[in-house]
Amino acid sequence: MTTAAARKESLLNRLDGMRQIPTIPAVLSPLLRYLEQPVEQVDVHKVADLIAQDKSLAAQCLQMANSPLFGRWQKVESVRGAIIGLGIHRVSDIAMSCSVLNMLPGKNGGIDPSVFWEHSLGCALVCRRFARKINFTDPGKAYLAGLLHDLGIIVNLWALPQEFRGAYEVAREEGIPLHEAEQKVLGFAHCDSGRLLAESWELSPELVEVVAHHHAPQQSLNHTALVSLVELSDLLCRMTGLNYGYVEKRQVNLLEEPGFAALAQQCPSLKDFDWARLTFELDSYMDEVLQHFKVWQWVSS
Amino acid sequence: MITAQLQSAAAIEGAPDPELVRIRDLVYEVAGIFHPDNKLRLLLDRCGRRMKELKANTLHEYIECLTVKPIGQKELIALLNEITIGETCFFRNQPQLDALGQIVVPKIIEAKAMLPVRRLRIWSAGCSTGEEPYTLSMLLMEEADTCLKDWIVEIVATDLNEHSLAHAKMAVYGSRSTRNLPPLYRQKYFVPIGDQLQVQPAARSATNFSRANLSDHDSTAFTKGWDIIFCCNVLIYFDLASKRRVIQSFYRDLLPHGYLFLGHSESLYGVSDDFRLVHFPGTTAYVKGEHAQVGRQ
Numbered sequence: 001m002t003t004a005a006a007r008k009e010s011l012l013n014r015l016d017g018m019r020q021i022p023t024i025p026a027v028l029s030p031l032l033r034y035l036e037q038p039v040e041q042v043d044v045h046k047v048a049d050l051i052a053q054d055k056s057l058a059a060q061c062l063q064m065a066n067s068p069l070f071g072r073w074q075k076v077e078s079v080r081g082a083i084i085g086l087g088i089h090r091v092s093d094i095a096m097s098c099s100v101l102n103m104l105p106g107k108n109g110g111i112d113p114s115v116f117w118e119h120s121l122g123c124a125l126v127c128r129r130f131a132r133k134i135n136f137t138d139p140g141k142a143y144l145a146g147l148l149h150d151l152g153i154i155v156n157l158w159a160l161p162q163e164f165r166g167a168y169e170v171a172r173e174e175g176i177p178l179h180e181a182e183q184k185v186l187g188f189a190h191c192d193s194g195r196l197l198a199e200s201w202e203l204s205p206e207l208v209e210v211v212a213h214h215h216a217p218q219q220s221l222n223h224t225a226l227v228s229l230v231e232l233s234d235l236l237c238r239m240t241g242l243n244y245g246y247v248e249k250r251q252v253n254l255l256e257e258p259g260f261a262a263l264a265q266q267c268p269s270l271k272d273f274d275w276a277r278l279t280f281e282l283d284s285y286m287d288e289v290l291q292h293f294k295v296w297q298w299v300s301s
Numbered sequence: 001m002i003t004a005q006l007q008s009a010a011a012i013e014g015a016p017d018p019e020l021v022r023i024r025d026l027v028y029e030v031a032g033i034f035h036p037d038n039k040l041r042l043l044l045d046r047c048g049r050r051m052k053e054l055k056a057n058t059l060h061e062y063i064e065c066l067t068v069k070p071i072g073q074k075e076l077i078a079l080l081n082e083i084t085i086g087e088t089c090f091f092r093n094q095p096q097l098d099a100l101g102q103i104v105v106p107k108i109i110e111a112k113a114m115l116p117v118r119r120l121r122i123w124s125a126g127c128s129t130g131e132e133p134y135t136l137s138m139l140l141m142e143e144a145d146t147c148l149k150d151w152i153v154e155i156v157a158t159d160l161n162e163h164s165l166a167h168a169k170m171a172v173y174g175s176r177s178t179r180n181l182p183p184l185y186r187q188k189y190f191v192p193i194g195d196q197l198q199v200q201p202a203a204r205s206a207t208n209f210s211r212a213n214l215s216d217h218d219s220t221a222f223t224k225g226w227d228i229i230f231c232c233n234v235l236i237y238f239d240l241a242s243k244r245r246v247i248q249s250f251y252r253d254l255l256p257h258g259y260l261f262l263g264h265s266e267s268l269y270g271v272s273d274d275f276r277l278v279h280f281p282g283t284t285a286y287v288k289g290e291h292a293q294v295g296r297q
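From first to last, the protein sequence lines are chains V and P. Take the first sequence: its letter number 36 is residue 36 in this note's numbering, and every next letter is one higher. Take the second sequence: its letter number 11 is residue 11 in this note's numbering, and every next letter is one higher.
Chain V with its partners taken away, still in its complex shape (with noise of 0.2 Å):
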């Protein structure tokens, strides 16, 4: 057996609890795979029948889809309605981050496990505006790596839900980065256990490498823009509001980031980039986040 395939075992022998997870949910596997077609070939009724299938989330996003956070003067009475009105990539956005969320714990001992969905939702908005302003092929795949990136931790949150919170608690009182201490307590990071996941519920290439690189984008080997992408929006987020709910005391220069390199080497912009616009740009976004967070939380109550 090889290195590699010993430690998947073994990583899969801790993670014994990882058949606790959530199923991939109903929609969101087909809803992704459809969506990686060209915009112009995606039909409306297709994406509105993937999301009726699963009722309950239907109505969540009837219901956000009708909120205040998405400015409606309207009322929609279908998902079709929600399409026609937000467009279908707004609405497929709203399915997706509410997919994840609804994949997520309780309140497990001391750690709440929405500040995790925060900051993915929050560095899926980084990851989208980023890519606009640097010239980047796809922001609409750029959102979704940054809402899917830290699967691992709920795989973590799911399987070693003790061991974990130590792992974060280690995090929090050292002010280091999650991973970092998850290495230190656990043994290996969430990248590995979401490599997992995402391996198990068959995401496209692209998204898993996301997933198992997106805290050493020079591992990736076939999408490592996209995969540096997403490592410098996380770090921006984490070094703003929007991180898992505690501060990493550490000084970061984006410019010295492995992915930095990388990004520039496809989006030559980059090295004349305004990081300083971007992070003041952020303020805003954490309001949203904040915002959907608790119209979720009204529309599931």
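Hints listed in this document are in silico derivations from the structure and should not be mistaken for laboratory results. No experiment lies behind these values; they were computed from the predicted model shown. Ideal Cβ positions, reconstructed from N, Cα and C, are used throughout, including at glycine. Don't take each hint at face value.
[What the hints assert, rightly or not] Cβ-to-Cβ under 10 Å is the rule here; a few derived chain P residues that face chain V: (1) Tyr28; (2) Phe34; (3) Asp37; (4) Asn38; (5) Ala99; (6) Ile103; (7) Glu266; (8) Ser267; (9) Leu268; (10) Gly270; (11) Leu277; (12) Val278; (13) His279; (14) Pro281; (15) Thr284; (16) Val287.
[Said to hold, decoys possible] Derived pair list, reagent style BS3-like, types lysine-lysine, alpha-carbon separation capped at 30 Å: (17) Lys288(P) / Lys271(V); (18) Lys271(V) / Lys107(P); (19) Lys107(P) / Lys184(V); (20) Lys271(V) / Lys39(P); (21) Lys288(P) / Lys149(P).
Since chain V is already given, all that's left is putting chain P on it; use the hints.
Chain P in isolation, oriented as in the chain V frame:
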């Protein structure tokens, strides 16, 4: 009419008024101070005050006041005054102070550990009425028995305005300036004078005030070898050429490991390629970039 426009602009969720966005972008481009979408109401309120004064009925008209020469430049300064009004207070930017105390000072101590003289030098450039340098003095006095034991801490504060400097030296402040003051500091470093507070002599004597014009390098020539420079909401009033000159002199006068802190949401983008932006929790600063330093030698 103004009220109607202000209300309609404020009521829009997720789609800010394009004219307000234009003003935001103009302010950022010229002054380097940025209002994110969730702070646009604040900018709108500030514009509203100026519009009343100028009897401009719409944001569109106000944009003309900001952009048409020769009044544009003067009006922009009037708007910036509105934007920064009430900004001066003790402990104004807590994330910045946390970054200073928890990350920057320990890094500087490490960088200078082998030097024979243990001296930490901070310049508050454009200190106005003194709240910022006194905050820094008090914060570092708290470390005098721990990480700064045996260190000489020197805080120099300069401003162009003599009235502001006189106020700073008197060190008597009302409730607006002291609104963010943590109770510990209020108790330890202030004495009440009527309904105002005066900074205690120990913190006062640790802070040296003098008059200096930042855009006149001769008047700041005495200032060299800084570990940290604070220059908050001062550069926003300078034109690009003066800004570049001031930033170049900051660069020259900072030690190789030196830090430059600006005001909240203030940026050097387009002004300097020498400094490197760094992120701390909830705030940013600029460091003297190593590459640039090598290039200059």
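Status of each hint after checking the structure:
At its closest, the beta carbon of Tyr28(P) sits 7 Å from a beta carbon of chain V; the interface hint therefore holds under the 10 Å criterion. Interface hint at Phe34(P): satisfied, since its Cβ lies 4 Å from the closest Cβ of chain V, which is below the 10 Å cut-off. A distance limit of 10 Å between C-beta atoms decides the matter here; for Asp37(P) the minimum to chain V is near 4 Å, and the interface restraint holds. Restraint check, Asn38(P) versus chain V: the minimum CB separation of about 4 Å is within 10 Å; hint holds.
Restraint check, Ala99(P) versus chain V: the minimum CB separation of about 8 Å is within 10 Å; hint holds. For Ile103(P), the interface hint holds, since its Cβ comes within 10 Å of a Cβ in chain V; the closest pair sits about 6 Å apart. The beta carbon of Glu266(P) is positioned within 10 Å of a beta carbon in chain V (closest approach about 8 Å), and the interface hint is therefore held. Taking 10 Å as the C-beta contact cut-off toward chain V, the hint placing Ser267(P) at the interface holds, the least distance being around 4 Å.
A distance limit of 10 Å between C-beta atoms decides the matter here; for Leu268(P) the minimum to chain V is near 7 Å, and the interface restraint holds. This hint holds: Gly270(P) has a C-beta 8 Å from the nearest C-beta of chain V, less than the 10 Å allowed. Interface hint status for Leu277(P): upheld, as the beta-carbon distance to the closest one in chain V is roughly 5 Å, under 10 Å. With its C-beta approaching chain V no nearer than about 5 Å, Val278(P) sits inside the 10 Å limit, and its interface hint holds.
Checking His279(P) against chain V by beta carbon gives a least distance of about 4 Å; that is within 10 Å, so the hint holds. Taken as an interface hint, Pro281(P) checks out: its beta carbon lies about 4 Å from the nearest beta carbon of chain V, inside 10 Å. Given the 10 Å rule on beta carbons, the hint for Thr284(P) holds: about 6 Å separates it from the nearest Cβ of chain V. Here the hint on Val287(P) is kept, as its CB sits about 8 Å from the closest CB of chain V, short of 10 Å.
Proximity of Lys288(P) to Lys271(V) is assessed by CA-CA distance (about 18 Å); at most 30 Å being required, the pair is judged to hold. Distance check on the hinted pair: Lys271(V) and Lys107(P) sit about 27 Å apart at the alpha-carbon level, within 30 Å; holds. Of the supplied pair hints, the one linking Lys107(P) and Lys184(V) holds, its CA atoms being roughly 24 Å apart against a limit of 30 Å. Restraint check for Lys271(V) and Lys39(P): satisfied, since their Cα atoms lie roughly 28 Å apart, inside the 30 Å limit.
Using a Cα cut-off of 30 Å, the hinted pair Lys288(P) and Lys149(P) holds, with the two alpha carbons roughly 26 Å apart.
Checked against the numbered hints given earlier, this structure breaks none of them.
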